[in-house]
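*Asks:* In order, the protein sequences belong to chains E and V. With the working numbering, the residue at position 386 of the first sequence is 386, and numbering never jumps. With the working numbering, the residue at position 511 of the second sequence is 511, and numbering never jumps.
Quick caveat, the hints were computed from the structure, so don't treat them as lab data. Among the hints, erroneous ones may be present.
If several chains are the same, the list does not tell them apart, and a pair holds so long as it fits within one copy or across any two.
Under the rule of at most 20 angstroms between Cα atoms (straight-line distance), these lysine to any residue pairs were calculated in the SDA-like manner [as the list claims (entries may be wrong)]:
{"#": "1", "residue 1": "Lys17", "residue 2": "Arg288"}
{"#": "2", "residue 1": "Lys22", "residue 2": "Ser53"}
{"#": "3", "residue 1": "Lys22", "residue 2": "His64"}
{"#": "4", "residue 1": "Lys132", "residue 2": "Asp392"}
{"#": "5", "residue 1": "Lys17", "residue 2": "Glu58"}
{"#": "6", "residue 1": "Lys22", "residue 2": "Arg52"}
{"#": "7", "residue 1": "Lys18", "residue 2": "Glu58"}
{"#": "8", "residue 1": "Lys136", "residue 2": "Val101"}
{"#": "9", "residue 1": "Lys18", "residue 2": "Glu57"}
{"#": "10", "residue 1": "Lys22", "residue 2": "Asp69"}
{"#": "11", "residue 1": "Lys18", "residue 2": "Leu86"}
{"#": "12", "residue 1": "Lys224", "residue 2": "Thr42"}
{"#": "13", "residue 1": "Lys267", "residue 2": "Asp215"}
{"#": "14", "residue 1": "Lys121", "residue 2": "Arg52"}
There are 2 protein chains.
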Amino acid sequence: MTATERAENPFRDETVKKILAKYRLLWALDHAVALMGWDLETYMPRDGISDRSAAAEELEGLRHRLLLDPELGQLLREAEEKLDSLNVYERGVVRVLGREVRVAKAIPEELARREARVTSKATVVWREAKRKADFKLFKPYLEEIVEIQRRKAELLGYEDHPYDALLDIYEEGLRVRDLDALFSELVPATRRVLDRVLSGGFYPQRHPLEDESYDVDKARALMKRLLDDLDWPWSRGRLDESAHPFTMDLGIDDVRITVRYEGHDIKRAVYSLVHEYGHALYHLQIDRALARTPIAGGASMGVHESQSRFWENIVGRGPWFMRLLSERLREYMGVDAAPEELYRYVNTVRPDLIRVDADEVTYNLHIYLRYTLEKKLIEGSMTVDELPEAWDTMMEELLGIRPPSPREGVLQDIHWSHGSFGYFPTYTLGNVVAAMIWRRIWSDNPELLAGLDLARLREWLRERIHRWGATFPPKELVERSLGEQPSARALVEYLEWKYLELPGKLHEYLG
Amino acid sequence: MTATERAENPFRDETVKKILAKYRLLWALDHAVALMGWDLETYMPRDGISDRSAAAEELEGLRHRLLLDPELGQLLREAEEKLDSLNVYERGVVRVLGREVRVAKAIPEELARREARVTSKATVVWREAKRKADFKLFKPYLEEIVEIQRRKAELLGYEDHPYDALLDIYEEGLRVRDLDALFSELVPATRRVLDRVLSGGFYPQRHPLEDESYDVDKARALMKRLLDDLDWPWSRGRLDESAHPFTMDLGIDDVRITVRYEGHDIKRAVYSLVHEYGHALYHLQIDRALARTPIAGGASMGVHESQSRFWENIVGRGPWFMRLLSERLREYMGVDAAPEELYRYVNTVRPDLIRVDADEVTYNLHIYLRYTLEKKLIEGSMTVDELPEAWDTMMEELLGIRPPSPREGVLQDIHWSHGSFGYFPTYTLGNVVAAMIWRRIWSDNPELLAGLDLARLREWLRERIHRWGATFPPKELVERSLGEQPSARALVEYLEWKYLELPGKLHEYLG
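Okay, chain E solo, but in the shape it has when bound:
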């Protein structure tokens, strides 16, 4: 692991120093709440949930009150008035914390509590509705959640479209107009690539290795070895198991990822591991001088996802990764598959009803569907009643398949039950930024990928993206580090390169 670079004495302004002193307790609370969340998903005994939820609610309430502290507000106003005299780090602190304070002020506690209450019940009901494939059970909850989101959008404010207000929560500065422009190019291009891949025959729709079961203990040893291959710093991070893999950042020197072992189709565990590694690496390479400040995190959900997707899809599913993977699968799992065979196994392409099982080519069509429907629900041009039919129809238009039941359709994702509207688009933004990184490296330093030079890849990402944390807003970070704004172009180029050109010259890159 590369030593993280240290900005020289980044916080000098007296007002910012006072802000950071006040922030310290918020940071400690976030540290505690993060650990409580990690523990809940990994080791907490089942019946501990009730106390854990109650304690988290108390601490979240305290966090909310601390954000509304008038002294903090006054300090932020003072700092905002002299923004031009602050350096980029100081400005980052004022911007990120200012955003948090504004959201806390805009949403009355009564609404926040109502949302917490409804979503907590809705998540349970959603699970039951999905199991029974019965949208009716979930409908009243989703209706209330949509109503709350619409109210939040009005309270947060927006210029063009109410959905903008929700997008901005997850991705500072992201707007409907950006996404409309993005998808209007990406969707038709994706469908062109998909048609050619499906008729081309090189990338299989299914692979026999997908049906192979595996020994979980052996898989555990494999995952540790793969993390060793990626130079995982065990003194600064952990690997554990949870029902839904995630990354938890408890500080620059304590970053934890999880994986799930389903017992069959080993690539699912391998790529979920590499995905979380990408998220974790971002935290591990943030400049130490930013530790315990509001900018010691990722720039946005989209930029974060770009890192996980870059490692999962572009590094991990690239031809350059196949020799290593072939050796490891042989050694640990007894899988006997040559690099080219593995490449096909980990890059199947098929229209599928389920987003989380989607491949690189079809994935963004799933997001486009959700984006379109969310936008309509929030602007009020569609009711929750009309949602299931709209979902199925759009799925058929985009991928040519129709869900046999809501379980494989409108009820498949947990996000809406959590009240997360405006979140899905950051997945596609992540894919877009990952492709922009690919294009940049592939044009300037192709040997980093072709030669699987992991140390230089990490350093490339550290220098341009990771070390800055949330110093810059995501759009500015992308512009600075990659020289252009996110657009569909790089992602389309990447898909065309990998799915249309690469099959003809795969052996050049299998290492």
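With the hints as your guide, set chain V onto chain E.
*Replies:* Leaving out everything else, chain V in the frame of chain E:
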């Protein structure tokens, strides 16, 4: 696991209700800090320590400020004025939280911070001094720590002896006069029993099984099985591993114990497990109606230790436990030892320099030594300079052996580096109360022990001790549940019964 009994609506007084509402955030902070402590000892990656310590310090600081909240103080004063109209639970809340507030008020923040700073360094230096067997390294730190304890005693106040103020922190109401009376009977009686055991030849000083190494994976399976034998409620608790075994209470439905595998002498891991089980059972059987209040914990350190010692020594090292243990050791570890042989293996008696390796007979002599020296340091009748020689001389008087170096003498325990003066005596108090429980059960319901009726043993402890939590001060709880005040008598009787009488009729009880 027995369902815990529920007091009917225990908190009715409006003032107490307001106190409990205020306490809720303190409870949530304690929950978070407990989890942070558990994680630090079990799973935290090594380099996470710096952020963890910083976060814990912030949260402890906040806890301190919340205890000093004038509104809370006012509510407690109001409740104290109408104490006679409150029920026992309400009085317990006022008493326990009132104690915490009084300590927080008495110790100025500057002194608390100084103690935290010095002990944090001293713990590191103590480790080095112990490794090098060089008391000089540790001496200046211990001097400062003793000075701080003396100052704390003055600030906390006392009637008879400054050491009383420190004892009271760990054991509400415990005084030098109690301990002087206790030890004046216990020490000579113990030495009489010890002399007869050593000359009797039934209990060996060493046993060949102590030299046997074991497979750690097999031991892990054994520990799980033993917890199953003890009806451990896995949905409400965990077993993990740590360098120093401990119990952490995160709530009535989340109680976690740890064990350490040294790879040899399996009884060490087994009895450390049963010891922590005793602590954990106390938390698991507290009345649910007391959850998330100041009285949802043990009554005191001494009462807590009585529970761990009762399970470890009286249940687990008793003849009644040997058949089960023999079966499990055969099944899991391949150890072929009949119950009588095992009984001798787990009940060796030998004068040893190290407290944590001491047996039931000699253990309290180690505590008497520390108690005597602590009292002198705190009252100022001995200097830190004189401490090592005083230790060695007293050890020779009590056990007839002299430490070859401070490593096996004055530097063996971590407690003083933590600033824990007044803590050691609670270990002996725990042994005393455990023996009182033994005497009561052995006279009223001997079949609970003789028949190893674990369910009824748990119920006996739940009904008389556990369910009350910290409702009563420890002296009152012991008086209520066992009908008398702690004294050496029961412990002397127990030692005489087990070590002098039992050898002649062991086969009656081996099951």
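*Asks:* All the hints need checking, so say for each whether the structure fits it.
*Replies:* Tested hints:
Within a single copy, Lys17 and Arg288 get their C-alpha atoms as close as 17 angstroms, which meets the 20 angstroms cut-off; across copies the closest is 45 angstroms, which misses it. Proximity of Lys22 to Ser53 under the C-alpha cut-off of 20 angstroms is restricted to the inter-copy arrangement: shortest distance 18 angstroms between copies versus 26 angstroms within a copy. Taking identical chains as interchangeable, the C-alpha atoms of Lys22 and His64 lie at most 20 angstroms apart whether they share a chain (14 angstroms) or sit on different chains (17 angstroms). Taking CA atoms no more than 20 angstroms apart as the test, Lys132 paired with Asp392 passes inside one copy only; the shortest distance there is 18 angstroms, against 74 angstroms between copies.
Within a single copy, Lys17 and Glu58 get their C-alpha atoms only as close as 28 angstroms, which misses the 20 angstroms cut-off; across copies the closest is 17 angstroms, which meets it. Taking the closest pair of Cα atoms, Lys22 and Arg52 come within 20 angstroms of each other only across two copies (18 angstroms); inside a single copy the shortest separation is 26 angstroms, beyond that limit. Taking identical chains as interchangeable, the C-alpha atoms of Lys18 and Glu58 lie at most 20 angstroms apart only when they sit on different chains, with a minimum of 16 angstroms there against 26 angstroms within one chain. In this homomeric assembly, Lys136 and Val101 never come within 20 angstroms of each other (Cα to Cα): the closest approach is 37 angstroms inside a single copy and 53 angstroms across copies.
For a Cα distance limit of 20 angstroms, the shortest separation of Lys18 from Glu57 across copies, 19 angstroms, qualifies, whereas the shortest one inside one copy, 27 angstroms, does not. Taking CA atoms no more than 20 angstroms apart as the test, Lys22 paired with Asp69 passes in both settings, with 10 angstroms inside one copy and 19 angstroms between copies. In this homomeric assembly, Lys18 and Leu86 come within 20 angstroms of each other (Cα to Cα) only inside a single copy, at 14 angstroms, whereas the closest approach across copies is 46 angstroms. Taking the shortest alpha-carbon separations for Lys224 and Thr42, both the intra-copy value of 17 angstroms and the inter-copy value of 19 angstroms come in at or below 20 angstroms.
Within a single copy, Lys267 and Asp215 get their C-alpha atoms as close as 13 angstroms, which meets the 20 angstroms cut-off; across copies the closest is 34 angstroms, which misses it. Taking the shortest Cα distances, Lys121 and Arg52 sit within 20 angstroms of each other inside one copy (16 angstroms), while across copies they are farther apart (33 angstroms).
Figure legend: structure checked against the earlier numbered hints; the only hint not met is number 8.
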